[in-house]
Structure formats: C-alpha cells, structure tokens
Amino acid sequence: MPVITYREALNQALDEEMARDESVFLIGEEVGEYNGAYKVSKGLLDKYGPKRVIDTPITELGFTGIGVGAAMVGLRPVVEWMTHNFALLALDQVVNNAAKMRYMSGGQFKLPIVFRGPNGPAEYLASQHSQALQTYWTHVPGLKVVAPATPYDAKGLLKSAIRDDNPVVVLEGELMYAWKGEVPEGEYLVPIGKADVKREGTDVTVVTYSKPLKVVQEAAELCAQEGIQVEIVDLRTLRPLDEETVYRSVRKTNRAVVVDESWPMVSVGSHVAWLISRNCFDVLDAQVELVASEDIPMPYNHTLELAAQPSVTKVVAAVKKVLYLGE
Amino acid sequence: MAERIPMIALSPTMEEGKILSWKVKPGDQVKSGMVLCEVETDKATMEYESPREGTLLKLIRQEGESVKVGEPIAWIGKPGEQVPDEPSPSRTAGLADTGQKGEMVESTRPAERGALAEGAVLAERGKGTTTSEASRRIEEGRGAATAGAGETGRKAPEGSSSAEEKSTFPLASMLSSPYGGSVKSSPLARKLSSELGIDIRRIPGSGPGGRVIKRDVLRFREAAGKMELQPETAFPIASAAAASSEQPPVDREIPVSGMRTTIAKRLSESFFTAPHYFLRVAVQMDALMDARSRYNAESPQKLSLNAFFIKLAAEALRRHPQINSTWKGTSIQIHGSIDIGLAVALPDGLITPVVRNCGGKGIREIDQELTALIEKAKKGGLKPEEYTNATFTISNLGAYGIEEFTAIINPPGSAILALGEIRKEPIATEADEIVIRRILRMTLSCDHRTIDGAVGAVFLRDLKGMMEDPFRIIL
Amino acid sequence: MAKELNKNLLKKMLYDMMLIRHFEEKAGQMYGLKKIGGFCHLYNGEEAVAVGSVAAIDLKKDYILTGYRDHGHALACGMDPKGIMAELFGKITGCSRGKGGSMHLFDAEKHFLGGNGIVGAQIPIATGVAFAQKYRNDGGVTLCFFGDGAIHQGAFHESLNMAKIWNLPIVYICENNQWGMGTNFRKVSSVDDFSLLGTAYGIPGKQINGMDVIEVYQEVSKAVDQARESGLPSLLEARTYRYKGHSMSDPAKYRTREEVEEYRKQDPILILKDKLMQEGIVTEKEYEKYDSQIQAIVDEAVEFAEKSEEPALHTMYEDILVD
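Protein chains in written order, with the numbering used here: chain A, 20 to 346; chain B, 560 to 1034; chain C, 1129 to 1451.
Only chain A is shown next, with the shape it has when bound in the complex (with noise of 0.2 Å):
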C-alpha cells in the first residue's frame, strides 16, 4: 500500500471530490496561487482553475458567510480557514448561520459545507497561533465535526465531510500534515461518526483523537513493556461521538484515560470524560483520569510550551493512575 502524508491525503481527497461533483468549490486565503498555506491545495489551481478554487482577501467573517450562501442555494463549499485561530473572526457565520439555518427554518435547507484548516498547537507560535479550539465547534449542536489523526483517516472523513449534507468542521494539524501513514489506491470513505479502535487492550483504555494519538501510542508502548495492555480508542469524529466503541472498551477494560491536547475546562475531553463516568460508573475501577494541557495560554519558549501539552510521560503516569500503580 503507497505510503502517503496527511497533507497528500487530504490533497487527494479534495482533488478526488471536486473531479466526482462540479458544485464542489475550494475557497480560503492562499488556496490559490500560493498553492496552500500548508499546501493542502496544492495543484488544485492549476487543475480546477479560478472558479473554483479562490483566492480570497484576509476577511473569515466574510468569505465564511459566503460559502453558507452557496451551501443555503446548493453548493458544496469548501472553506479553507488558514488556522482555526483565525477562525474565531468567523464564529458568528459558524455557529449562529451554518448550524441553525436548517433549524430555525424548521428544515428547510441544507447546509453542505466543510470548514477545515490546521488546529492545536504547534512549535514556537505562542498564544494566538498554538491553540486547539475544537471544544468551540464541538459544543454546536448543528455542526459535526472531524478529527482524523493518521493520512487514511483524513482522506476518508474529509472525503465523507464534502458529501455529507450537513456543515462540517474538520480539524487538521499544523504538525500532522507531515505525518506519513499507508493510504490505499483507489475510492474508499472513512464514515463520520465513528470511532475506531487503534490499539487493542485488556487493562486499561486511553480515548483520544487528533495529534496526540501518537503520544498515547508511544506511551502504549512502554505500558506494554511493563506488561501493561493499554487499549486506545480513536474517537475521529468528535459531533457526532461514538459513545459505544468508548464505552465498549471501558467495560473490557474498566478503567478509562482521556487525553485531550485542548485546555481542560470544558473540553471534548472533559466531556467524553464525565460520559465514561456516567454511563460506565458500574464498571469502574478507578477514577477516569484526564490529560489535557496545561491550563494557560501557550508560551513561546519550547521548553515551556512542550511541558503545557500532554505528553509520554504524563499519559503514561495517568495509565498508572488508574491502575493504583506506583503510589
């Protein structure tokens, strides 16, 4: 099977969905001439020509608001938001247009649009660049949204994402596009709305999505040298979550990890967190533990920036946790 990166991934899904459907259009700053800001959209242009891949000034609020227009009348567009931190300029078209219209009109219109660009933290960006926001997205009902994690997922939800006819959110990673992963030739659909399990566990089970799924399977690692079985469960799409596979593993397991590279109050890990316990409290063996970064706004300096994030070590001594190791 070719081995791709998650950027080739995606490019291939966009490419492949805007050959299949003529009401497919991709709009975003720099899309464009410059190819991409993370070259997601690179040779699209060329192929697909101005009309339908856009170039637009630096205004989110405003080229938002458009593709909801053309997604109320029946195009399927696909907005590029250069990070999602730009993307809180768009919040007001997000939440209050694209994921009410279909309610507020008592469902008379469909909203197929996709909204996707890098989130989360990456390397020496400080506050307002190294943000992961998808509790913002995540709390709308209205919205679903997507956080594929390896190049197969991303090509399969971004795919599923262009063709569902609901507006979806797609979270990308800034660090990840680079990641490489084995990715089949040929048509194939990851389905929204369900998790997957990545590595199969008897002790205990670790639910994440997005970048720090590769922290939790280093950390897996070295749980298994200690004879530790750890079970990690991807969630992938966040709205709407697959509760069962979670749940499925947590009654194997009966002990829960969540890790969750967003702030911790109010998150999507908080979230699936008090889930496992509320509907696994029977099951459990101990408290669910949640790693998640440090409460703070990202600093600058690495050294600091990388102990505010979840890590090996952190997920590893939160597997012990709830395990009543090493007390």
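By construction, these hints were calculated from the structure, which means they are not laboratory data.
A few of these clues could be false.
Unchecked claim - Calculated lysine-lysine pairs in the PhoX-like style (CA-CA distance at most 20 Å, straight line):
| no. | chain 1 | residue 1 | chain 2 | residue 2 |
| --- | --- | --- | --- | --- |
| 1 | B | 590 | C | 1403 |
| 2 | C | 1393 | B | 582 |
| 3 | B | 750 | A | 271 |
| 4 | B | 582 | C | 1381 |
| 5 | C | 1350 | C | 1189 |
| 6 | B | 627 | C | 1417 |
| 7 | C | 1393 | B | 590 |
| 8 | B | 637 | C | 1417 |
| 9 | C | 1162 | B | 590 |
| 10 | A | 129 | C | 1189 |
| 11 | B | 637 | C | 1413 |
| 12 | B | 602 | C | 1162 |
| 13 | B | 590 | C | 1417 |
| 14 | A | 70 | C | 1292 |
| 15 | A | 340 | B | 743 |
| 16 | B | 627 | B | 577 |
| 17 | A | 213 | A | 271 |
| 18 | A | 61 | A | 199 |
| 19 | B | 590 | C | 1401 |
| 20 | C | 1417 | C | 1401 |
| 21 | C | 1381 | B | 602 |
| 22 | B | 637 | C | 1401 |
| 23 | A | 129 | C | 1238 |
| 24 | C | 1162 | B | 577 |
What the hints assert, rightly or not - The following label-pair restraints were derived from C-beta to C-beta distances:
| no. | chain 1 | residue 1 | chain 2 | residue 2 | range |
| --- | --- | --- | --- | --- | --- |
| 25 | B | 621 | C | 1334 | 47 to 57 Å |
| 26 | C | 1328 | B | 640 | 51 to 61 Å |
| 27 | A | 285 | C | 1166 | 46 to 56 Å |
| 28 | B | 640 | C | 1407 | 28 to 38 Å |
Stated by the list, open to error - To list a few chain A residues with every Cβ distance to chain C over 12 Å, as calculated:
| no. | residue |
| --- | --- |
| 29 | 31 |
| 30 | 49 |
| 31 | 79 |
| 32 | 154 |
| 33 | 246 |
| 34 | 261 |
| 35 | 264 |
| 36 | 315 |
| 37 | 316 |
| 38 | 323 |
Note that beta-carbon positions come from the ideal geometry of N, C-alpha and C, so glycine has one too.
Using the hints provided, position chains B and C relative to the given structure of chain A.
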C-alpha cells in the same frame, strides 16, 4: 366588519392599564398608528396606537378605568355600523382576547354571552397558548419530553434526567457502616461485591485513601471462603450488628469457594450413592500412648499420634485388602498401594493430604511425610496428586473434644475411620476390677457395596488389637 | 429606463403594502395579548421598500435575504400569512415549525432565505447566494436588505469588497429607517449619505425615497438589471421610517410624536392610494374591498394560528441535521 379593540400589554410586564385620557371620540376617523388613548402601565404612561383604520364607533371603557390586558376598550369599524351592548367587563375578559368580530356575538343575549365568555376563558386556559404558559408547560413537561423523545427513538438531552437519579438509591445503607463512617469504593468494586453478596463495608480497601477496588473484593472473596469455618471470628461486624438493638439480625450469604464446591459435590455423591454402615469400638490407648511417650523422650523428632494411627491402619489394611478398595460398578478394585488420607481442617474447608504406600513405610517416615504435607496444606500449596485418590481415610476430631462421630466416606476409598478424643474412663477388667484407662472411641464407616459387615468388623477388631497392643504388628 | 407601470402592478403593490400594514398591526395586537413573545420587530411605515423591491425581481431565479425586521419581506415574497402568523405564535404550522419565530421566517420555495437575528449577518450570506448564482451562471440576482444599524458591521464591508472583486449579481439595499434601535443613524455614522459607503469598493450607490413604492420599484429594477446583465453589484439607500418602536418592548421615547406624525404624512400607502385614486386606477370602493379582504385574511391568519397545535415535544430534536 367592526372590530373590538382590546387593551394590550404596553410594557412586557403589564397586566392591566388605566385609561388616563381618550384622544378620540365616537365618530372620529382613526388611522392605524394614531393615538387612541393614554394608558398608565405598571411602568410609565404610554400611548395606545390604533391597530387599524376606520371610524371610532364606541368607547367601551371610560377615562380613569383600569382595564385588564385582553379586555375590550373600544369598537372601530365603518361609519354607522352597529355594535353590540357590552356585558360587564368581568364577563367578557376571555372573549376579548382573540379580538373576535362583532358579528359573532351580536345575536347573543347578554346572559348567554356571559356563559360563552366563561367557556371561552376556560378553553383558552386549557389550550395554554400564551407563550409564558407554553414555556411553563415545557418546564413541567420535562419528564414527558424525555418519554416522548424515547418514543421516537431519539435521545433525550444528556444530563436532563435528574429525576431518575433521584430515585430510591440506598445511599445511607451503602455508606454508613454499623460503626458509623463511610466506605470509599470504586463503582466496579461495589457492583462486584453486590453480585457476590459481600457487604462492601467489611472489605479493607487498598486504593487511594483506603478506597475499596476490584482486587480488594476478589481477595476478600477468597478469604471469605476460609472464614466460613470460623464464623465467630470471621464476621465480627456482622455479629456485632446482630447484637445491636438498632439493627435487626439479617441473613447473609457467603460465597462458595471452589474448594467448598468440591467438598459439597464429592461428599454428597458419596453419602447418597454409597450405602454407609457404621462400626464402633472403644480402644484402650494406654499401651500405645506409653510407647509413643518413650520414643518421643529419646528422639528429637516428636512422632505424632496420627502417624501411629496411619501406620497401624496400614498394617490392618494389608491384612484385610478388601477394605482398601474402590467400587467400580461392574468390578471392585483392590488397591495394591495403601494410600491413607488424613482429613485436615483448613480455614476455608478441609483437605486430605495422602501418605502414599503406607504399608512399606515406618512410623517415622510416615510422620515426616505427614508433617510436610500438613504444612503445605495450610499454606494452600498441596498439589492435586498430594491430596487425591486416598484408598482409605482417617478423620480425627479428638482435638475438638469430640467423644465419637461418624464420617462420610471419602471416595474413591471404601471406608473412613473417625477418631474421637482420648480420655480417661473407668473400665471394668476381666477380673471385674474398675480401672482407669485412656479410651479412644472410633467409628468405621464402610461402603456396603465393597465391604460386608463381617469384613469390616474383622478389620476393625484387628486394628483395635494393634492399637491396644502395638506389638501385634509384628505378629 | 423605468419599467412599465401597468395598473395591475400598481394595484398589487397597494394591496401588498396594505396587507403588510394590517398584518403588522394585528401582530402588534397579538403581542400585546401575549400570544406572541420575545423579539418582534414591526415593519409599519417601511412597506414600500420591500414591496417595491420584490416587484422588481423574478422570484423564480432571484433571491431575497433580510435581517430580523422580516415580516414585510416575507409577505411581499408571497408567503402565506397563516404560516407567518402561526410562526409568530410558535405553532407547529408556522413556516419554520415554531422554531424560528418573528426573526426567522423562511420560504425556500419562494426564494425567501430569511430572516436573520444577527445584525448584518445576512450580508455575507446573501453575497454567497449571489456567488452561487454566478458560479452556476443562472442569470439570478440576489437582493440583500439590511438596516442603517448593520451598515457599519465588518460583514458589510468585507462582503462589498468581495462582491466587487468577483462581480457578483447582488443589490445591497440599506433600509435606513433612521433609528438603529434608539440611536439616530447620524450619531453613529461618519457620513449621512450611506450611498457613499459603496464607493470605497468601486460599487455605485444611490439614495432613494423609501416611502415611495414607485421610486423604489424603478430604482431597484435598474440595479437588478445592471446586476443581471453586467454582473455589477450596487448599493441603494432607501430612506424610510418605522412608525413603531424598534421592537415591541421599545416605547420609542427617544423621538417625538411630532417626528413620527411628520412621516405618517408621507405614509407610503397613503401616497400610493391618493395617486391611484387621482388617476382613477383605484376607486374608494375598491380600496374598501381590499381593506375588508385583507382584514379577513389577517383574521383568518390569527384564527389559524390560534387553532393550530403546539409543536410536540419530540419536534425539538428534529431539523438539526440532515439524516
């Protein structure tokens, strides 16, 4: 088509308003938006604008009157149009609030209108159509919302089901022990202990802050099997609870250990399939006891009485091989090796370590083996080959002060010897003298399928003889 | 290049304005009777803007979007007064199944895309609709209405810029009713003439009399033709006036009754009625007939809303996502 103009809420919280002054009089042309009157609300003086164009036909309420929201204040229509006489305000309140047209009530006599109005009021209330009422109903109907959601297969919002969690959760009984205080435990530990019928308050916790976790329950379950044999000491809390006047005595269930399951199965099978009969004799133990004392006095290794019994029984079995046998249904197996088991009480049951081939071993050797086996048994370390397939078994409850008892045959053996306490008794000698002797009463249980009464009797007579006069062993 | 003003069109515009006026008066009354709750922004006084504009477009291929003062536009687009009143009552028979309310009237079939409660949020959306029209090259035009309060939002300026970059077929119509809630537009605007605000983006602007439905019709027609034929966006400022408070909870104490009376003298319905009577197009009798017809329609709408069912509780979980 004349329209009755109702008082409306001129501030969001206005319930009624006082007409301070009319700005129009009957016969005036009014336009939509024109001020009809000034109304004093709960907040301020407001202008009431005409909702429509037309001729003011009639003023229903006069300056200075307070009018509830919904009650009519005037009629507007075409010039010369007839409007009905108004019933008294209190009887029209409900009718007014949909602003029905005059024609609807024109033909109705005042008395009937009153009734109609009340009916309308009730109908209105029943429908609950005002927004505030609707929202209140949604508040009240939250439970119904959940149920309704269920009907359509959709999920109720998470976290909204507080009612179900408020149900009769026996919090007090879960958390308060008879000694007061509370128990920290993991949910899984609580579920497990509940399934196993173990009162979680009795389980010592090894988690953070003494939290009872899964492993504690499992350890406790193992221990619970052992404790069964010593109820007085095993359940101090339970007996204390039973003694407490505040706490009525309660039944409790003790989990069955694997060992107990085996005991129950094997002994039931033995007792209900093997036809037992019992032979009792009293044995004078003085000679054997004296001999043992002499040997023990001259040797660092103290020989146990049980080693003597095994050795003597082995010799008797050698002489009566029919006893050393197993019923096989279509045949009887006479064992070549004499393998004698000794029932040993353990905290969680009993076990019979087996000394193999006793016929070829001396007392000292038997004693050494027996000591080692018992040691192992108490640690739970006996291997299956060390406690199974005894061809004959001895059970000795002398240490508990039991005079005599009958035992259940331990398969695959065909007989078991039950030994009571050795105690001094007055005995009448052949010479009719009363002497004091040390007497052991023993009972042999035999499987009648393999051992007939006479065979068992001869065996027991010979064994008794050897016990009373160990020298016979060499005869 | 004024469009031909045939009699039927003139009569229809009079009728539509009267319908809106009656409907709004009734809505206000029902609000006062607490049948309608929350925010309810009435359109009394501004009828000529919606009616004149809608008369200038073809709703088979054109679209309309507006803000939260949307009853007038919805009616002008031909939406059923029953469905609108039921929506205001929050009933299941409402055009948005009782989930939208006053500010969120929609009719996908009639190309009325709302109804938006966030000041100015409809401007980028309308621009997107025009983008789609151009993308498909279907000859459609979008009318985007907003108030004098919305014109200073970034959304407006971002949209005009992109509309011009991409030459989108859209007409931006600022309904300047002169009061952004309780704030006079002059107090919060760098210019009194909003038509100037398009010039920074190379978009032609024009002030028009929003109390004169014929002028509105003619000017919007020109702008629509320009958008349709040459893909040029334009900006119209329709000077108008709202007779009522900003919303039902606003007693409008910030302006004098004299000011309101002054505008009532230029009432759009009155102006057109007088004109049509002078020209013999409409008789007093016809006018009265319209009036009683409309009154019956509005009363029917109330009765319909009144008798309609509350939405079943399970419906609150519906229409969130396409399954």
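Here is what the structure says about each hint:
A distance of roughly 18 Å separates the Cα atoms of residue 590 (chain B) and residue 1403 (chain C); the hinted pair therefore holds under the 20 Å criterion. A distance of roughly 19 Å separates the Cα atoms of residue 1393 (chain C) and residue 582 (chain B); the hinted pair therefore holds under the 20 Å criterion. For the proposed pair residue 750 (chain B) and residue 271 (chain A), the alpha carbon gap of about 15 Å is at most 20 Å, so the pair holds. Restraint check for residue 582 (chain B) and residue 1381 (chain C): satisfied, since their Cα atoms lie roughly 19 Å apart, inside the 20 Å limit.
Between the alpha carbons of residue 1350 (chain C) and residue 1189 (chain C) the distance comes to roughly 17 Å, so the proposed pair stays at or under 20 Å and holds. Proposed proximity of residue 627 (chain B) and residue 1417 (chain C) is contradicted: the alpha carbons are some 33 Å apart, above 20 Å. The straight-line distance between the Cα atoms of residue 1393 (chain C) and residue 590 (chain B) is roughly 11 Å, inside the 20 Å bound, and the hint therefore holds. The straight-line distance between the Cα atoms of residue 637 (chain B) and residue 1417 (chain C) is roughly 12 Å, inside the 20 Å bound, and the hint therefore holds.
As the CA atoms of residue 1162 (chain C) and residue 590 (chain B) are separated by approximately 24 Å, the hinted pair breaks the 20 Å bound. As the CA atoms of residue 129 (chain A) and residue 1189 (chain C) are separated by approximately 18 Å, the hinted pair is consistent with the 20 Å bound. Taken as a hint, the residue 637 (chain B) and residue 1413 (chain C) pair is honoured in the structure, with Cα atoms around 13 Å apart against an allowance of 20 Å. A hinted pair counts as satisfied when its Cα atoms are at most 20 Å apart, and residue 602 (chain B) with residue 1162 (chain C) qualifies at roughly 17 Å.
Proximity of residue 590 (chain B) to residue 1417 (chain C) is assessed by CA-CA distance (about 17 Å); at most 20 Å being required, the pair is judged to hold. Distance restraint check for residue 70 (chain A) and residue 1292 (chain C): the Cα-Cα separation of roughly 15 Å lies within the 20 Å cut-off, and the hinted pair is therefore satisfied. Taking the CA atoms of residue 340 (chain A) and residue 743 (chain B), the gap is about 17 Å. The hint holds against a cut of 20 Å. With a C-alpha separation of about 9 Å, the suggested pairing of residue 627 (chain B) with residue 577 (chain B) holds against the 20 Å cut-off.
Straight-line distance between C-alpha atoms of residue 213 (chain A) and residue 271 (chain A) comes to about 19 Å, which keeps the hinted pair within the 20 Å bound. Between residue 61 (chain A) and residue 199 (chain A) the CA atoms are separated by roughly 17 Å; this keeps the pair inside 20 Å, and the hint holds. Only pairs whose Cα atoms come within 20 Å are accepted, and residue 590 (chain B) paired with residue 1401 (chain C) is accepted, the gap being roughly 14 Å. Distance check on the hinted pair: residue 1417 (chain C) and residue 1401 (chain C) sit about 13 Å apart at the alpha-carbon level, within 20 Å; holds.
For the given pair, residue 1381 (chain C) sits about 13 Å from residue 602 (chain B) by alpha-carbon distance, which is consistent with the 20 Å threshold. With a CA separation close to 19 Å, the supplied pair residue 637 (chain B) and residue 1401 (chain C) stays within the 20 Å bound. At most 20 Å may separate the alpha-carbon atoms for a hinted pair to count; residue 129 (chain A) and residue 1238 (chain C) meet this at roughly 16 Å. Between residue 1162 (chain C) and residue 577 (chain B) the CA atoms are separated by roughly 18 Å; this keeps the pair inside 20 Å, and the hint holds.
Between residue 621 (chain B) and residue 1334 (chain C) the beta carbon distance is about 52 Å. The supplied range of 47 to 57 Å therefore holds. For the pair residue 1328 (chain C) and residue 640 (chain B), the beta carbons lie near 58 Å from each other, so the given range of 51 to 61 Å is met. Separation of residue 285 (chain A) from residue 1166 (chain C) is about 28 Å and departs from the stated range, judged on CB atoms against 46 to 56 Å. In this structure the supplied range 28 to 38 Å holds for residue 640 (chain B) paired with residue 1407 (chain C), their Cβ-Cβ distance being about 30 Å.
With a cut of 12 Å on Cβ distances, residue 31 (chain A) stays outside the contact zone with chain C, its closest approach being about 24 Å. Non-interface status of residue 49 (chain A) relative to chain C is upheld: no Cβ of that chain comes within 12 Å, the nearest being about 15 Å off. Once the 12 Å rule is applied to beta carbons, residue 79 (chain A) is inconsistent with being away from chain C; the minimum gap is 9 Å. Non-interface status of residue 154 (chain A) relative to chain C is upheld: no Cβ of that chain comes within 12 Å, the nearest being about 19 Å off.
Look at residue 246 (chain A): its CB is around 44 Å from the nearest CB on chain C, clear of 12 Å, so calling it non-interface holds up. The beta carbon of residue 261 (chain A) sits about 15 Å from the closest Cβ of chain C, which is more than 12 Å, so the claim that it is off the interface holds. With a closest Cβ-Cβ approach of about 20 Å to chain C, residue 264 (chain A) is found to remain outside the 12 Å limit, as its non-interface label requires. The beta carbon of residue 315 (chain A) sits about 30 Å from the closest Cβ of chain C, which is more than 12 Å, so the claim that it is off the interface holds.
Chain C leaves residue 316 (chain A) outside its interface by the beta-carbon criterion, the shortest separation being 25 Å against a cut-off of 12 Å. The claim that residue 323 (chain A) is not at the interface with chain C holds, since no C-beta of that chain comes within 12 Å of its own (minimum 34 Å).
The structure fails hints 6, 9, 27 and 31 (numbered hints given earlier, in ascending order).
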